[in-house]
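K.L.:
Chains A and B supply the protein sequences, listed in that same order.
Heads up, the first sequence is in our numbering, so the first residue is 1 and it goes up one at a time.
Heads up, the second sequence is in our numbering, so the first residue is 1 and it goes up one at a time.
If you are wondering where the hints come from, they were derived from the structure by calculation, not from laboratory data.
Do not take every clue at face value.
[Said to hold, decoys possible] Here are the computed lysine-lysine pairs in the BS3-like style, where the Cα-Cα straight-line distance is at most 25 Å: (1) 104/B - 133/B; (2) 79/B - 57/B; (3) 79/B - 61/A; (4) 86/A - 104/B; (5) 57/B - 61/A; (6) 61/A - 58/B; (7) 18/B - 79/B; (8) 115/A - 79/B; (9) 86/A - 125/B; (10) 104/B - 127/B; (11) 79/B - 46/A; (12) 127/B - 86/A; (13) 58/B - 124/B; (14) 86/A - 124/B; (15) 17/B - 61/A; (16) 69/A - 46/A; (17) 17/B - 79/B; (18) 104/B - 125/B; (19) 136/A - 46/A.
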Amino acid sequence: MAMLFPDSYGTFLEFQQALDALRTSSWLEPSISSGGAFPPLNVFRKGDDIVILTELPGIRKADLQIQVKGRTIRLAGTKPVEYGEKASVHRRERLAGSFDRAVTLPVEIDADRVKAEYHDGILALYLPRAERDKPKTITVA
Amino acid sequence: MAKSQGAKPQELAVQEKKELVSKEESTVPARYYVQNTDIYETDDALTVVMEMPGVEKKNVEVNIENDVLRVEGRIDFAKYEGLEPLYTEYNVGHFARTFTLSNKIDRQQIAAQLNEGVLTLTLKKAKEAIPRKIAIN
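Extracted from the complex, chain A is given alone in its bound form (with noise of 0.2 Å):
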C-alpha cells in the first residue's frame, strides 16, 4: 500500500508536537457559565485572527447551537446515537448526549464578523480580532 505525504519530513509530527506542548497552557479561561469541557477545543492564530477548531463527529449542522457575547464563545448541542430497531450492540465507544460550553478569549474580538464552518465533523470558528484591540505602532519622534 503506497501512501504519499506531502509531509514526509516530519512536518506533521513537529505539529502534532506542537499541539501536545500547548496542551497545559491556561491561554483560554472558562467563563464564569461554562458547562462542562466538551468539546475540546484547538486554538490557533492566523495572521491576526484568532481560529477556533472543535471534532464534533456525528452532529447535525442544525444541533448545534453558536453564540458569541464580547469576547465569550457558547457552543452547545446534541449528538445522537441511534442504532436501529431489534440490534445488538457489540461494541460502543461513541458518546451520545448534550453539551454547552462557554469560554472567554483574552483579546477582544468583532462580534459582527464571527464566521462558522462545519465540514466532515469539524467546526471552525473564525473570531477576527477588534480593530480596535489591535496593537498599534509607535515610532519615537
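Fit chain B to the supplied structure of chain A, relying on the hints for placement.
P.N.:
For chain B alone, kept in the frame of chain A given last:
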C-alpha cells in the same frame, strides 16, 4: 465507557484520543489515532460506525485482507498550514483501526458511507452455508 441511551440527553464528557499501537512500525513519523467505534448486529448485517472527524471521503481506505478489516482515514494536513497553535486540548492525526471478521460476513457485500465525519460500514452476513447431506452408497 458505555452510556445509556435514555430519553434525557446526558452531559457529554471529553474522550481522550487513543494513540494507535501497531504491530508494524510506520515509516512515516506522524502519529495515528484509534477512531471511536460502535459495532452492532442486526438480522442481516453487521454495522460498524466510526468517528473520523476531519477525514474527507477521498482519504478513507477500507480493505479486507486475510479476514482482517482495516479502515484508515487520513486527515489533510494542508488545512492546518498557516495556523499557529495558541492553545490546544486535543491532538490531530490520521486514524487507523483493524478488526478480525468472522466467516459469517459476505466479503463482496460491504457498503460504506461517510457523513459529518462518521463512517458507517454495513457488512452483510453471508447466506448460511447450506447443510449438505452426504449419502452413503
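K.L.:
Looking at the structure, which of the earlier hints fail to hold?
P.N.:
Going through the list in order, the structure violates no hint and respects every one.
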